[in-house]
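Q: Sequence:
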Amino acid sequence: MNDKWLIILLLVLAVPSLYLAVVHYGYQSKSEALKTAINREAEELNTRNYQSAPGANSPYSLAITGSPHQIYVFKISKHFSRYHADLAQVNNLYESTTKDSMVYDKNKLEFGFDSEKPRDKDIWIEGGKMKTVPLRSYFKKSRYAWNYRNLSFYYPVHPLRTSADQPEYH
Numbered sequence: 100m101n102d103k104w105l106i107i108l109l110l111v112l113a114v115p116s117l118y119l120a121v122v123h124y125g126y127q128s129k130s131e132a133l134k135t136a137i138n139r140e141a142e143e144l145n146t147r148n149y150q151s152a153p154g155a156n157s158p159y160s161l162a163i164t165g166s167p168h169q170i171y172v173f174k175i176s177k178h179f180s181r182y183h184a185d186l187a188q189v190n191n192l193y194e195s196t197t198k199d200s201m202v203y204d205k206n207k208l209e210f211g212f213d214s215e216k217p218r219d220k221d222i223w224i225e226g227g228k229m230k231t232v233p234l235r236s237y238f239k240k241s242r243y244a245w246n247y248r249n250l251s252f253y254y255p256v257h258p259l260r261t262s263a264d265q266p267e268y269h
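Note that my numbering has the sequence shown beginning at 100, numbered continuously upward.
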C-alpha cells in the first residue's frame with residue numbers, strides 16, 4: 100500500500116515538472132533561441148554588425164563581428180522538440196598571432212579553430228573526422244583577410260575525449 104502512495108506522489112510531482120520543462124524550456128526554432136541567447140548573454144551584438152555562420156545541421160552557430168574581429172560561438176541544444184542556445188565562447192582573433200584553439204568541456208573536445216588547414220584536406224583528431232566550417236569568406240573585406248585565409252571552425256559529431264593538442268590533416 101505504501102508503494103502505491105509513493106507512486107502517486109511521484110506522478111503528482113513529475114507531471115507538472117515535465118509540463119514546465121516542455122512548455123517553458125526553449126523555443127520553437129533555432130533562430131528564436133539564438134536571438135534570446137544574444138539578448139541574454141551577448142548584448143553587445145545588438146549594437147554591432149555581425150555575420151551569422153550557421154552550419155546546416157550543426158549544434159553551433161557563430162556570430163562574426165568586424166573590427167575588432169571576434170567570433171561568438173553559441174551552442175544550440177534540443178530537448179522535447181524545443182531549442183535552447185547558450186554562449187559557449189568568444190574568440191578574440193586580434194589578441195594573438197595564432198588563431199588555433201581547442202575548447203574542452205568536462206575533458207571532452209567540444210570544438211576548435213584552426214588556421215593551418217589546407218583547402219583540399221579534412222581535419223582529423225585521433226582517427227575521427229571533424230565537421231568543418233571554413234570561415235575565410237567572412238573576412239574577405241577585412242584588411243586582415245590574409246591572416247584568416249585558412250581559418251576554419253571544427254567540431255566532432257559527439258564530444259570527444261582526446262589527448263591530442265592539435266589536429267591532423269588528411
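Read the hints as simulated data drawn from the structure, not as lab findings. Keep in mind that a hint or two might mislead.
Distance condition first, Cα-Cα at most 20 Å in a straight line; then the derived EDC-like pairs of lysine to aspartate or glutamate [unchecked claim]:
| hint | residue 1 | residue 2 |
| --- | --- | --- |
| 1 | Lys174 | Asp204 |
| 2 | Lys205 | Asp264 |
| 3 | Lys228 | Asp185 |
| 4 | Lys134 | Asp185 |
| 5 | Lys230 | Glu209 |
| 6 | Lys228 | Glu209 |
| 7 | Lys228 | Asp264 |
| 8 | Lys177 | Glu143 |
| 9 | Lys174 | Glu142 |
| 10 | Lys205 | Asp219 |
| 11 | Lys174 | Glu143 |
| 12 | Lys177 | Glu131 |
| 13 | Lys220 | Glu267 |
| 14 | Lys177 | Glu140 |
Label pairs and their calculated CB-CB ranges [stated by the list, open to error]:
| hint | residue 1 | residue 2 | range |
| --- | --- | --- | --- |
| 15 | Gln265 | Arg218 | 35 to 43 Å |
| 16 | Gln150 | Ser200 | 29 to 37 Å |
| 17 | Gly226 | Pro167 | 33 to 41 Å |
| 18 | His183 | Trp245 | 23 to 31 Å |
| 19 | Gln188 | Ala263 | 15 to 23 Å |
| 20 | Asp102 | Trp223 | 28 to 36 Å |
| 21 | Val202 | Ala244 | 20 to 28 Å |
| 22 | Asn101 | Lys207 | 38 to 46 Å |
| 23 | Asp102 | Asn191 | 52 to 60 Å |
| 24 | Tyr268 | Asp102 | 54 to 62 Å |
| 25 | Lys205 | Trp245 | 16 to 24 Å |
| 26 | Glu142 | Glu267 | 16 to 24 Å |
Just so it is clear, the structure is predicted and the values come from calculations on it, not from any experiment. Backbone N, C-alpha and C fix where the C-beta goes; we use that ideal spot for every residue, glycine too.
Q: Failing hints, ascending?
A: 3, 8, 10, 15, 16, 18, 20, 25 and 26
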